[in-house]
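Trainee: So the number in my numbering is just where the residue sits in the sequence shown, counting from 1, plus 1301.
Check before you lean on any hint, since a few could be wrong.
[Stated by the list, open to error] Derived CB-CB ranges, DEER-like:
| id | residue 1 | residue 2 | range |
| --- | --- | --- | --- |
| 1 | PRO1450 | LEU1484 | 24 to 34 Å |
| 2 | ALA1313 | SER1529 | 46 to 56 Å |
| 3 | ARG1414 | ASP1343 | 21 to 31 Å |
| 4 | ARG1389 | ARG1414 | 20 to 30 Å |
| 5 | ASN1557 | ASP1306 | 29 to 39 Å |
| 6 | VAL1531 | ALA1313 | 49 to 59 Å |
| 7 | ASP1317 | VAL1531 | 48 to 58 Å |
| 8 | LYS1564 | ASP1480 | 26 to 36 Å |
| 9 | VAL1304 | SER1529 | 43 to 53 Å |
[Stated by the list, open to error] Calculated cross-link-like contacts (lysine to aspartate or glutamate; reagent style DMTMM-like; alpha-carbon spacing at most 25 Å):
| id | residue 1 | residue 2 |
| --- | --- | --- |
| 10 | LYS1558 | GLU1538 |
| 11 | LYS1564 | ASP1542 |
| 12 | LYS1564 | ASP1428 |
| 13 | LYS1564 | ASP1532 |
| 14 | LYS1558 | ASP1546 |
| 15 | LYS1558 | ASP1542 |
| 16 | LYS1564 | ASP1375 |
| 17 | LYS1558 | GLU1504 |
| 18 | LYS1564 | GLU1538 |
| 19 | LYS1564 | GLU1549 |
FYI, nobody ran anything at the bench for these hints, they're computed from the structure.
These numbers were taken from a predicted model, which means no experiment stands behind them.
Every residue, glycine too, gets a C-beta built ideally from N, C-alpha and C.
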Amino acid sequence: MNVADLLRSRHAASADALLEHVAPGTDLIVPIANGEPVTLLDAVERHEAQLQGVTVHQMHALRDRPMMHRAFGDRLVHRSYFLSHVTRPCFLAGTVDLVPNHFSEVYDVLRRRAAQPLVIAAVSPPDRHGNFSLGVSADYASSFIGRAPFFVEVNRRMPFTTGRNQIHISQVLGWVDADYPLLEVPPIEPNEMDERIGAFVAERIPNGCTIQAGIGAIPNSVLAQLGSHVDLGVHTELISDGLIDLIELGVINGVNKANNRLKVIGTF
1302 MNVADLLRSR HAASADALLE HVAPGTDLIV PIANGEPVTL LDAVERHEAQ
1352 LQGVTVHQMH ALRDRPMMHR AFGDRLVHRS YFLSHVTRPC FLAGTVDLVP
1402 NHFSEVYDVL RRRAAQPLVI AAVSPPDRHG NFSLGVSADY ASSFIGRAPF
1452 FVEVNRRMPF TTGRNQIHIS QVLGWVDADY PLLEVPPIEP NEMDERIGAF
1502 VAERIPNGCT IQAGIGAIPN SVLAQLGSHV DLGVHTELIS DGLIDLIELG
1552 VINGVNKANN RLKVIGTF
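Make the full structure from the sequences, and use the hints.
Mentor: Okay, structure coming up:
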């Protein structure tokens, strides 16, 4: 069967088609942040009455959902691997479980804990070869490609990105269409103390080194003060606005990286 036929045969008319693949005890693996498939999870919650012992595994959820408040009892629960502003209050209230971990180990943790994994993810439209991209995510979900079944939601606003985050139509159970904007996190403006700390850190970063940056006012301040540096490389989890600014300035070019030379490596 050619790519066009595969795409046509596995295209579902509704997100409700996902429920055909959710058996009792299913472990739904959901990517971090904007990798969350909104319409698929809406369908799961809409049909919660028919579920039995289903667990959603996810890091850093950005959307509040009834399941996070144990609205559906043990039929459908949320298990977090990194708390967000949405899940932290739920964890404190005892309605969301937290599994402490190192980000690099999440796939191995899930592989051991998830007995019936089914990955549901937001992806980009496919290319002409039938490859979807996980878009702005290349997290633990990408490690399941070829190792667990996928059901995906094609959001036309999700960019197609390159790297180890592409899945072929032959590797998915089904796919549905979606169209909604990706969530944005506005940068935190640093105060005077943040800028002083940022300057203290920036002057200790040598030219030509490879950096990683997180989220927050202090990382933003550090990055803002690296504009006169040269030949920096990046190997990071989060690709922030500050890193993008340095890439566009030519400060980050990766020429001195020992691994993945000339490439920016990120996860989300």
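Trainee: All hints are to be evaluated individually against the structure, with a verdict given for each.
Mentor: Here's how the hints hold up against the structure:
no., hint, in the structure
1, PRO1450 with LEU1484: 24 to 34 Å, "26 Å, holds"
2, ALA1313 with SER1529: 46 to 56 Å, "53 Å, holds"
3, ARG1414 with ASP1343: 21 to 31 Å, "25 Å, holds"
4, ARG1389 with ARG1414: 20 to 30 Å, "21 Å, holds"
5, ASN1557 with ASP1306: 29 to 39 Å, "47 Å, violated"
6, VAL1531 with ALA1313: 49 to 59 Å, "50 Å, holds"
7, ASP1317 with VAL1531: 48 to 58 Å, "54 Å, holds"
8, LYS1564 with ASP1480: 26 to 36 Å, "31 Å, holds"
9, VAL1304 with SER1529: 43 to 53 Å, "48 Å, holds"
10, LYS1558 with GLU1538, "17 Å, holds"
11, LYS1564 with ASP1542, "17 Å, holds"
12, LYS1564 with ASP1428, "22 Å, holds"
13, LYS1564 with ASP1532, "12 Å, holds"
14, LYS1558 with ASP1546, "19 Å, holds"
15, LYS1558 with ASP1542, "21 Å, holds"
16, LYS1564 with ASP1375, "44 Å, violated"
17, LYS1558 with GLU1504, "20 Å, holds"
18, LYS1564 with GLU1538, "14 Å, holds"
19, LYS1564 with GLU1549, "14 Å, holds"
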